[in-house]
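Just so you know, the sequences run in chain order A and B. Letter by letter, the first sequence follows residues 11 to 399 in our numbering. Letter by letter, the second sequence follows residues 229 to 328 in our numbering.
Misleading hints may appear alongside valid ones.
[Unchecked claim] Below 30 angstroms or equal to it, Euclidean Cα-Cα: the simulated DSSO-like pairs (lysine-lysine) are:
| no. | chain 1 | residue 1 | chain 2 | residue 2 |
| --- | --- | --- | --- | --- |
| 1 | A | K144 | A | K380 |
| 2 | A | K270 | A | K213 |
| 3 | A | K111 | A | K96 |
| 4 | B | K303 | A | K230 |
| 5 | A | K270 | B | K263 |
| 6 | A | K377 | A | K270 |
Hints were generated in silico from the structure; no laboratory data involved.
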Amino acid sequence: MRDFFYGYPRPDGQVGIRNHVLMLSGTLYANPTCERVAHMVQNTIPIVHPLGRCQIAPDLAQTFRTLVGHGNNPNAGAVIVVDHFKEQGCTADDIAHEVAKSGKPVEVVNIRREGGAIEALAVATRLAVEMNRKINMQQRERTGLNKLIYGFNCGTSDVTSGLAHNRCVGWVCDRVIEAGGRALGAEVTEMMGGEELIRARAKTPEVAAKLLGMIERMEKSILACGVDLRGSQPTGDNIAGGLSTIEEKSLGAMQKWGSKPIVGAVDYAFPIGEESGLWLMDTPGHGGESITGIAASGSQVMSFSTGGGHTINHPLMITMRLTGNRESWELMKDTMEVDVSDMFEGASLDEAGERLFNEVLDLCDGKMSKAEALREFNAFAINRCGPSV
Amino acid sequence: MTLRALIIDPRDNVANLIGPGSKGAEVQCTVERQKETETVRLLDDIPSNHKFARTDIQAGEPIVKYGLSIGRASKAIRRGEYVHVHNIESNRGRGDLQAK
């Protein structure tokens with residue numbers, strides 16, 4: 011079994027599997043500048059979103075933390091932060107100040123300061139060209155899996171999820187952890203009903219208590235809406251796929267957790283600790299928001315397992331999609347990487363798990379995901395904890 | 229071709245059909261990591277990969293899958309009957325019940 015990949019070491023000790031220039035938008039009004047530069051300049055990835063303004067303090071702090079986390083993600087070799095004027099608590103200067111602590115090159119472009127959208131675009135484009143020419147001299151180096159944060163998530167689940175592809179993800183988590191690495195999951199909605207399993211798997215009572223607290227808060231926020239969760243979770247496509255209740259969905263989703271102890275739990279978009287093992291993050295079941303939180307924590311690569319098939323991918327954290335549903339694979343194979351549906355015809359978990367493991371490490375070494383090849387970015391979505399004001 | 233179904237945990241009272249099944253068909257059920265199989269005759273048409281009852285289940289009893297409760301039977305369910313949202317009630321996230 012391979013226990014290394016070839017990556018780009020960063021000054022802060024993290025290791026990237028890509029070496030992109032990141033166009034990081036501080037507010038929604040800077041999005042076009044980021045997108046235009048990314049269209050023009052090779053190897054340049056835009057992070058755009060509808061936030062950064064008129065958010066109450068804790069919500070704005072979450073947006074800020076998520077953006078800083080993406081600047082710090084080791085798949086970014088250099089970062090250009092763009093904003094349009096001055097947003098208290100989420101300025102490009104503040105974001106750049108935090109990202110600069112990682113030691114990687116960071117620049118700021120303020121649209122007003124540069125003299126408007128056209129001038130700012132020229133300045134940002136020139137910076138992106140120069141940064142790319144500089145960082146692209148860097149070579150990949152052999153790296154142990156102790157530097158890998160293997161992210162995982164699932165969506166459009168059906169009854170094949172808990173039986174096939176989610177188990178393969180769990181198998182890969184176990185191998186990554188055995189090699190000294192970390193695996194990072196999330197999706198608190200899909201822990202409802204799995205409390206017994208969490209108590210048994212948590213390394214300490216504190217970790218269990220933190221996770222149970224997250225589940226309780228999530229359930230209270232649902233109950234406060236005064237509606238039946240069904241239809242939202244499980245979603246309509248989950249129910250069509252044979253999942254009857256959130257508890258059934260949760261227990262199937264938790265097959266992704268493999269068999270190692272849960273060593274820690276963190277709030278949304280916070281970095282995880284250094285300890286090797288299974289980590290979990292407080293995110294909703296919403297795929298885009300969940301994987302964005304995981305990317306903000308420094309995960310380089312993500313397995314997204316799906317029953318019904320999916321196009322989901324994150325712009326910076328390399329996302330591969332797998333399914334154990336043969337029909338979904340046939341329909342969606344243009345945007346999915348791994349088929350494990352032969353598990354229903356006798357293929358063992360070891361065989362299917364190793365297939366996934368090899369694809370994950372190949373992606374780490376630079377093999378393009380289908381989303382990368384198609385230049386398709388669709389799942390950067392920051393979770394909110396407050397209203398717009 | 230024999231229809232097959234998977235029982236994930238020996239404590240489970242539902243089984244997952246592999247592929248679709250028709251009313252009256254016999255299904256060979258395997259409990260994971262066990263050699264013995266059991267045969268269940270389907271009482272309903274069942275969509276691809278959905279669940280059916282492995283035993284008779286009384287109204288209000290837990291539906292058990294992965295060895296844990298995934299909800300409770302909203303009516304009596306006979307062995308071989310289709311099990312889904314029409315006869316399972318979730319115990320979680322039920323703001324509708326709390327609002328009443």
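Subject >> Unmet hints by their number, sorted upward, for this structure >> reply: none
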